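Enquirer: Based on the sequences and whatever the hints tell you, model everything.
There are 2 protein chains.
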Amino acid sequence: MLSSVCGSLRRTLCNGSVLASKHPFLGRSNALKLETKPVCTRVMYRSYSANMHGQEVVFRQLFDNTSFTYTYLLGDAASKEAVLIDPVIELVDRDVRIVKELGLNLKYAVNTHVHADHVTGTGEIKKRIPTCKSVIAECSQAKADVFINEGDGIEFGQFKLECRSTPGHTDGCFTYVWHEKGMAFTGDALLIRGCGRTDFQQGSSEALYKSVHGKILSLPEQFILYPAHDYTGQTSTTVREEKNHNPRLTKPIDVFIRIMSELNLPYPKQLDRALPANMVCGIFDTESPPSKS
Amino acid sequence: MLSSVCGSLRRTLCNGSVLASKHPFLGRSNALKLETKPVCTRVMYRSYSANMHGQEVVFRQLFDNTSFTYTYLLGDAASKEAVLIDPVIELVDRDVRIVKELGLNLKYAVNTHVHADHVTGTGEIKKRIPTCKSVIAECSQAKADVFINEGDGIEFGQFKLECRSTPGHTDGCFTYVWHEKGMAFTGDALLIRGCGRTDFQQGSSEALYKSVHGKILSLPEQFILYPAHDYTGQTSTTVREEKNHNPRLTKPIDVFIRIMSELNLPYPKQLDRALPANMVCGIFDTESPPSKS
Numbered sequence: 027m028l029s030s031v032c033g034s035l036r037r038t039l040c041n042g043s044v045l046a047s048k049h050p051f052l053g054r055s056n057a058l059k060l061e062t063k064p065v066c067t068r069v070m071y072r073s074y075s076a077n078m079h080g081q082e083v084v085f086r087q088l089f090d091n092t093s094f095t096y097t098y099l100l101g102d103a104a105s106k107e108a109v110l111i112d113p114v115i116e117l118v119d120r121d122v123r124i125v126k127e128l129g130l131n132l133k134y135a136v137n138t139h140v141h142a143d144h145v146t147g148t149g150e151i152k153k154r155i156p157t158c159k160s161v162i163a164e165c166s167q168a169k170a171d172v173f174i175n176e177g178d179g180i181e182f183g184q185f186k187l188e189c190r191s192t193p194g195h196t197d198g199c200f201t202y203v204w205h206e207k208g209m210a211f212t213g214d215a216l217l218i219r220g221c222g223r224t225d226f227q228q229g230s231s232e233a234l235y236k237s238v239h240g241k242i243l244s245l246p247e248q249f250i251l252y253p254a255h256d257y258t259g260q261t262s263t264t265v266r267e268e269k270n271h272n273p274r275l276t277k278p279i280d281v282f283i284r285i286m287s288e289l290n291l292p293y294p295k296q297l298d299r300a301l302p303a304n305m306v307c308g309i310f311d312t313e314s315p316p317s318k319s
Numbered sequence: 027m028l029s030s031v032c033g034s035l036r037r038t039l040c041n042g043s044v045l046a047s048k049h050p051f052l053g054r055s056n057a058l059k060l061e062t063k064p065v066c067t068r069v070m071y072r073s074y075s076a077n078m079h080g081q082e083v084v085f086r087q088l089f090d091n092t093s094f095t096y097t098y099l100l101g102d103a104a105s106k107e108a109v110l111i112d113p114v115i116e117l118v119d120r121d122v123r124i125v126k127e128l129g130l131n132l133k134y135a136v137n138t139h140v141h142a143d144h145v146t147g148t149g150e151i152k153k154r155i156p157t158c159k160s161v162i163a164e165c166s167q168a169k170a171d172v173f174i175n176e177g178d179g180i181e182f183g184q185f186k187l188e189c190r191s192t193p194g195h196t197d198g199c200f201t202y203v204w205h206e207k208g209m210a211f212t213g214d215a216l217l218i219r220g221c222g223r224t225d226f227q228q229g230s231s232e233a234l235y236k237s238v239h240g241k242i243l244s245l246p247e248q249f250i251l252y253p254a255h256d257y258t259g260q261t262s263t264t265v266r267e268e269k270n271h272n273p274r275l276t277k278p279i280d281v282f283i284r285i286m287s288e289l290n291l292p293y294p295k296q297l298d299r300a301l302p303a304n305m306v307c308g309i310f311d312t313e314s315p316p317s318k319s
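Line by line, the protein sequences give chains Y and R.
Here the first sequence is numbered in our numbering, starting from 27 and rising by one per residue.
Here the second sequence is numbered in our numbering, starting from 27 and rising by one per residue.
Errors might be hidden in some of the hints.
When chains are identical, the list treats them as one kind, so a pair holds in a single copy or across two.
Unchecked claim - Each computed EDC-like pair below joins lysine to aspartate or glutamate, with the alpha-carbon atoms no more than 16 angstroms apart:
1) LYS295 with ASP280
2) LYS269 with GLU127
3) LYS153 with ASP119
4) LYS126 with GLU267
5) LYS269 with GLU107
6) LYS153 with GLU267
7) LYS295 with ASP225
8) LYS269 with GLU247
9) LYS159 with ASP171
Hints were generated in silico from the structure; no laboratory data involved.
Just so you know, these numbers come straight off a predicted model, no measurement behind them.
Expert: Given below as structure tokens:
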């Protein structure tokens with residue numbers, strides 16, 4: 027199906043007016059069915075490149091060397107429909123160039139949450155690709171073209187991302203699960219051997235612990251986890267690794283809450299610029315994006 | 027087979043003494059057979075995660091935010107044998123921790139060439155993992171435990187990397203091709219939408235052009251190419267993309283040579299420190315590695 031965001035989908039224009047879903051028939055139950063599909067355990071030689079470049083899907087991990095943000099481009103090689111997760115405003119030129127060079131039709135520019143450390147590129151991307159719609163969690167209270175809620179599906183070509191609410195870093199944090207490919211995009215809920223801070227933006231260490239264990243580490247152990255950030259040069263992890271080696275989330279919840287309360291992290295450099303901009307797709311009330319070296 | 031580097035392999039101790047190959051029966055012809063294996067075109071759902079994490083292979087791309095170097099960890103999940111390509115000395119702690127957390131037996135720490143922009147971590151890794159052997163091209167004239175030549179194979183568990191000589195950035199540049207997985211690790215010969223400079227270290231634009239077109243862009247178009255560096259936040263490309271979009275290497279050779287002659291690049295920041303160190307596995311005559319923030 028080539029429908030847009032599904033389930034209890036609602037669309038809102040940037041002026042805030044809300045339209046009813048056009049796809050009530052693809053809801054949470056449908057999205058969750060993917061999770062119970064039998065896992066094919068047969069392994070094919072060369073299927074990595076066959077799957078990941080050109081023959082079935084397009085997958086590209088991109089990085090911002092300033093905010094240490096990862097952006098992800100996911101595409102269906104057959105239909106050319108694609109989704110971009112967590113673009114950064116200063117790197118929209120790069121991202122749009124890659125989308126065009128790969129001949130992709132970018133349906134959605136999706137945020138995992140309202141970022142505090144960089145300005146989202148979703149608004150700028152909509153200017154360059156007018157058919158692209160911005161997407162964010164309805165409970166984030168940020169503006170976007172499409173709101174998502176728990177269990178919704180974001181479809182592109184033959185594929186679909188299941189939307190899982192994973193609050194704790196912020197109320198509106200979502201993890202996007204690509205069941206067919208055994209991947210999840212965790213935003214700031216789960217980082218590689220770490221997790222997002224919980225000391226501002228409705229942060230809750232208890233909520234984050236329950237989100238990560240209940241919605242992310244409950245996925246199959248071989249699932250690859252792609253975070254919104256890494257500061258150590260690591261690009262991915264797996265459910266198995268984080269269940270065994272995450273120094274915070276392997277602890278009991280009371281120890282985790284104490285660890286998070288004692289982090290004493292500095293005030294985010296871009297917070298005052300990023301938060302108001304990210305509430306409106308990064309396109310209003312922002313200074314001109316600084317040029318990248 | 028669990029043999030070490032194959033083909034016209036020779037081992038040399040760091041004092042330079044050379045031993046004959048123990049594996050003359052696995053040579054160039056054997057390595058090249060991989061290239062002519064029929065390609066399986068059937069695509070399996072979830073085979074990306076099944077292949078790339080835990081079930082058959084381990085693959086991890088790592089990044090140095092200072093020198094913009096990519097390090098690659100490749101492992102056979104069954105035998106746990108692994109290879110690390112282009113480690114950076116300042117990040118050896120990170121790389122060794124990941125190797126141990128994943129329960130891998132690191133057989134080889136391999137360099138694609140004698141780097142001018144960072145000090146290799148191969149020597150430091152040998153100190154932490156004494157069974158690991160350093161590997162570099164024989165024609166690089168650098169010291170290492172194992173020398174490779176055109177057509178040799180680097181085996182780890184059930185897998186093998188084919189060694190392809192791709193001079194031009196330096197005489198000793200090699201590209202490592204993982205035929206079973208449709209990947210190639212191109213070092214500085216081919217970068218994403220670019221290529222390595224050719225204005226020092228025996229650089230030759232003509233040689234580089236012939237290396238890239240003859241040894242890398244001649245691979246199947248869906249092969250994923252992983253470079254030693256990227257400065258724009260891109261993590262991989264494909265043969266198809268570089269054949270269509272590389273702004274230098276899509277040009278005729280005479281235009282390419284002119285482009286390379288007019289780059290006027292600055293002197294590499296770490297060259298004076300890196301070159302002498304990298305001629306001896308990065309372990310002699312080097313200052314203490316600066317701490318990473």
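Enquirer: Can you give me the call for LYS126 and GLU267, within, between, both or neither, at a CA distance of at most 16 angstroms?
Expert: Cα proximity of LYS126 and GLU267: across copies only (12 angstroms, versus 35 angstroms in one copy).
Enquirer: How do LYS269 and GLU247 come out at 16 angstroms by Cα distance, when the copy is not named: within, between, both, or neither?
Expert: Intra 8 angstroms, inter 37 angstroms, cutoff 16 angstroms: intra-copy only.
Enquirer: Given a CA cutoff of 16 angstroms, do LYS153 and GLU267 count as a within-copy pair, a between-copy pair, both, or neither?
Expert: Answer is neither; intra-copy 40 angstroms and inter-copy 25 angstroms both fail.
Enquirer: Checking LYS295 and ASP225: alpha-carbon separation at most 16 angstroms within a copy, between copies, both or neither?
Expert: within (15 angstroms within a copy, 39 angstroms between copies)
Enquirer: Cα distance capped at 16 angstroms. Does LYS159 pair with ASP171 within a copy, between copies, both, or neither?
Expert: within (6 angstroms within a copy, 55 angstroms between copies)
Enquirer: Given identical chains, is LYS153 near ASP119, meaning Cα to Cα at most 16 angstroms, within a copy, between copies, both, or neither?
Expert: within (11 angstroms within a copy, 44 angstroms between copies)
Enquirer: State whether the alpha carbon distance between LYS269 and GLU107 is at most 16 angstroms within one copy, between copies, both, or neither.
Expert: neither (33 angstroms within a copy, 23 angstroms between copies)
Enquirer: Which holds for LYS269 with GLU127 at a C-alpha limit of 16 angstroms: within a copy, between copies, both or neither?
Expert: The answer is between: 12 angstroms across copies meets 16 angstroms, while 38 angstroms in one copy does not.
Enquirer: Tell me, please, which holds for LYS295 and ASP280 at an alpha-carbon limit of 16 angstroms: within, between, both or neither?
Expert: For LYS295 and ASP280, neither the intra-copy (29 angstroms) nor the inter-copy (47 angstroms) Cα distance is at most 16 angstroms.
Hint compliance for this structure: hints 1, 5 and 6 are broken, all remaining hints hold.
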